[in-house]
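Once you have looked at the hints, place chain F on chain E.
Line order of the protein sequences matches chains E and F.
Numbering of the first sequence is given in the numbering used here, commencing with residue 2 and proceeding in unit increments.
Numbering of the second sequence is given in the numbering used here, commencing with residue 782 and proceeding in unit increments.
Hint data in this document are derived by calculation from the structure and do not stem from the laboratory.
Hints may be right or wrong, so weigh each one.
[To be verified] Think about it this way: if two alpha-carbon atoms lie no more than 20 Å apart in a straight line, the pair counts; the simulated EDC-like pairs of lysine to aspartate or glutamate are:
no. : chain 1 : residue 1 : chain 2 : residue 2
1   : E       : 98        : F       : 836
2   : F       : 976       : F       : 897
3   : F       : 802       : F       : 846
4   : F       : 802       : F       : 948
5   : F       : 976       : F       : 948
6   : F       : 874       : E       : 93
[What the hints assert, rightly or not] The calculated label-pair distances, taken between Cβ atoms and stated as ranges, are:
no. : chain 1 : residue 1 : chain 2 : residue 2 : range
7   : F       : 992       : E       : 95        : 22 to 32 Å
8   : F       : 783       : E       : 97        : 25 to 35 Å
9   : E       : 270       : F       : 837       : 37 to 47 Å
10  : F       : 1002      : E       : 87        : 40 to 50 Å
11  : E       : 97        : F       : 790       : 24 to 34 Å
12  : F       : 906       : E       : 23        : 51 to 61 Å
13  : F       : 1002      : E       : 7         : 34 to 44 Å
14  : F       : 962       : E       : 21        : 50 to 60 Å
15  : F       : 874       : E       : 96        : 26 to 36 Å
Please read these numbers as outputs of a predicted model, since none were measured by experiment.
Just so it is clear, CB atoms sit at the ideal spot from N, CA and C, and this is done for glycine as well.
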Amino acid sequence: MARTVHRKSAESVFFLSALLALSVALLMLAVLVVEVFVDGFSQLDWQFLTHFPSRNPEDAGILSAWVGSVYLITLTVAFAVPLGVAAAIYFEEYARKNWFNTLMEMNIGTLAGVPSIIYGLLGLGLFVRTLNMGRSLLAGALTMALLVLPIIIITAREAIRAIPSSVQDAAFALGATRSQVIRTIILPLSFPGILTGIILALSRAIGETAPLIAIGALTYIAFLPDGLSSPFTALPIQIFNWVSRPQAGFHSNAAAAIIVLLTITLLLNAFAILLRNYFYRRIHAHLS
Amino acid sequence: MSNAFEIKNLNIYYNGLHAVKNVSIDIPHTLITAIIGASGCGKSSFLRAMNRMNDLIPNSRRTGEILFHGVDIHQPMMSEVTLRRRIGMVFQKPNPFPFSIFDNVAYGLRIQGMRDKATLDQRVEESLRRAALWPEVKDRLKQSAFALSGGQQQRLCIARTLAVDPEVLLLDEPCASLDPTGTARIEELLQKLEKEITIIIVTHNMQQAKRLSDTVGFFHLGELVEFGRTEEMFEHPRIQLTRDYIMGHFG
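Next up, chain F with everything else stripped away, as it sits in the complex:
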């Protein structure tokens, strides 16, 4: 099995805070990897390192290597703009642009210079279908994205990300602000997408990690405590701390 990411000795600092401590991990290609852990354990910082979103935070510093399909993402030849097109990201709170549904999905294509109306139409429809949102919005593409429910907005954000055809989808607690129905639809969608692209999802919901993921990593206080196949880790965690977290003793 090939790896999408090989991460070696990753450290992330914000001013004085050492948020991610010496993490090394290999993330497999086209599977769902879940990152679990209590709030503030560095799992979001870890996720944001992979598409270099951390570069936007003033005073953040990194050491260590992140290889994406064998290529160092920090090497000078690799621009963060190209990288972010290949590695899409969905955030904790749905954050559609205050534009129409169509313009939201078309945004990533338009900034790449795509102007042709027919191609845009086709790519927008295709992305909305992949995000399982097309039947609900096909008659109101011109409406504001804010007319949608929270769960629909989050699927719109996924569609928007899929429109630029990324190889990886990073999701930072995508269901944190959704109701159970909305959550179920996102999970269903991710399981469908898993066959096409690599998915890395940060979640504090252990049930979700168990239901969705093939591999899972457990973070505690900035360190990667344990990483392995999901069934194994939930059935027979090797480390006491993991067992305590999974049993709900803390977190």
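Next up, chain E with everything else stripped away, as it sits in the complex:
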């Protein structure tokens, strides 16, 4: 009897500490969000979204920044997803177990943890200078694509590995070639999992500032990008720039821009999660 009571109290202590840990994390997030909203909400209006940056905080807007961010993210995904998925297919379907492939796998694991500024310096050296792309949207997107590539490869590999081998065997036994198995079985069935990787990659890429600063994305741009070679700016850079100004008006602008950035991230994630759940229900739920 005493033992049961003891066990029960131990149980509730554990429950309370877990709850406490969760509350601390949520509280911090709440403080951040509330503070940003208090500072920035009054600045947020249609004019803020449709105006270019200005020397006067009242007139300044984030048009070039949010458009730049949207272009940048779209291009990043366009480069990184095909490459990352193809690499994952290579590892899961074609690669034999040898020292070269083991080394590659270890490298990709390590690359996922490399600080983003290093990718920025790589982008500066490779894309901006050596390949002469300049401080362009293209150079920025390629740098970001390198940065998120390991995330996409790792999650896509997990998605592919989750497909039961019995289903692949069935296709092979019907006379499917390996490329037919990849096209008709592997890709459709791993699609929801690959989308998860894309969500993670998007969320990482949209908030990254350091690599963009390293490749020299501009902070003051009063035009919209008109092509791949156009100079550009992005929301995190605009925020960084405004926060470092002395005037209080710019600080409010920065807070408002953070609200926009958070909203874009949430919208992108929500869209990708809905898409993933739709496909998950359609395909993957069957497999369990």
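Coordinates of chain F only, in the frame set by chain E:
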């Protein structure tokens, strides 16, 4: 009586494991051949050698010859893709694709490039009829294959295999996960199909081997111990080990 397969000195290795040891066997055309033996005796490896599914397992190695209607299945002219279309396989656990019933049966035809809707419809219906599943599913071809019961799923897998018109059907313990009713329906189906195609079934259920097969091979620890006509082998096994297994002394 002609032979579908002539197998000479077949050995299969996985890394260090010698799974099939020097097996030579002639498997007759359009009859049911059962392969019996305790778990891990190499009977599944033996079966998977015949449509070259073992080639998909990394580090598996083979020596010896497998002739299919007199032609070596490992000769360079023979592609494993064509071979697997001619030699269909049904697995231990029903493994339908997470598609609709129709798309499951149509899969093998579509990967061969068949696109014509009317031909596909006709071939799917015909295959489902041959697998004795048509009356149960004809009104719900668009439904997920997972809406079917285990036994129906297994018959769907048989229909899917029959759709590409194979000459041989390999079955690897197809009733292992089914209830007695499901098992009975599969057995009934196999007896009907026996007249059209060669059937090789791996089973650890001796009663099933006795009920179904015309010839039977007994594997023990990777070796073929005895091979012969089913009645003879169950009535008068020549070898003591076979007698012990059939009597249920081990396995």
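Each hint tested on the structure:
Proposed proximity of residue 98 of chain E and residue 836 of chain F is supported: the alpha carbons are some 16 Å apart, at most 20 Å. For the suggested pair residue 976 of chain F and residue 897 of chain F, the alpha carbons sit about 30 Å apart, so the restraint of at most 20 Å is broken. For the given pair, residue 802 of chain F sits about 13 Å from residue 846 of chain F by alpha-carbon distance, which is consistent with the 20 Å threshold. Simply put, residue 802 of chain F and residue 948 of chain F have alpha-carbon atoms about 27 Å apart, too far for the 20 Å limit, and the pair is violated.
With a C-alpha separation of about 11 Å, the suggested pairing of residue 976 of chain F with residue 948 of chain F holds against the 20 Å cut-off. Between residue 874 of chain F and residue 93 of chain E the alpha-carbon distance is near 23 Å, which puts this suggested pair outside the 20 Å criterion. Look at residue 992 of chain F against residue 95 of chain E: about 44 Å separates their beta carbons, and that is not inside 22 to 32 Å. Taking the beta carbon of each, residue 783 of chain F and residue 97 of chain E are about 40 Å apart, not inside 25 to 35 Å as hinted.
Our hint of 37 to 47 Å for residue 270 of chain E and residue 837 of chain F holds, since their Cβ atoms are close to 38 Å apart. At roughly 44 Å, the beta-carbon separation of residue 1002 of chain F and residue 87 of chain E lies within the given 40 to 50 Å, and the hint holds. At roughly 28 Å, the beta carbons of residue 97 of chain E and residue 790 of chain F sit within the given window of 24 to 34 Å. The hinted window of 51 to 61 Å between residue 906 of chain F and residue 23 of chain E holds, with their beta carbons roughly 57 Å apart.
Between residue 1002 of chain F and residue 7 of chain E the C-beta distance comes to about 54 Å, which lies outside the given range of 34 to 44 Å. Range check, residue 962 of chain F to residue 21 of chain E: about 55 Å between beta-carbon atoms, so the 50 to 60 Å window is met. Checked against the hint of 26 to 36 Å, the C-beta distance between residue 874 of chain F and residue 96 of chain E comes to roughly 27 Å, which is consistent with it.
In terms of the numbered hints stated before, the structure departs from hints 2, 4, 6, 7, 8 and 13, listed from lowest to highest.
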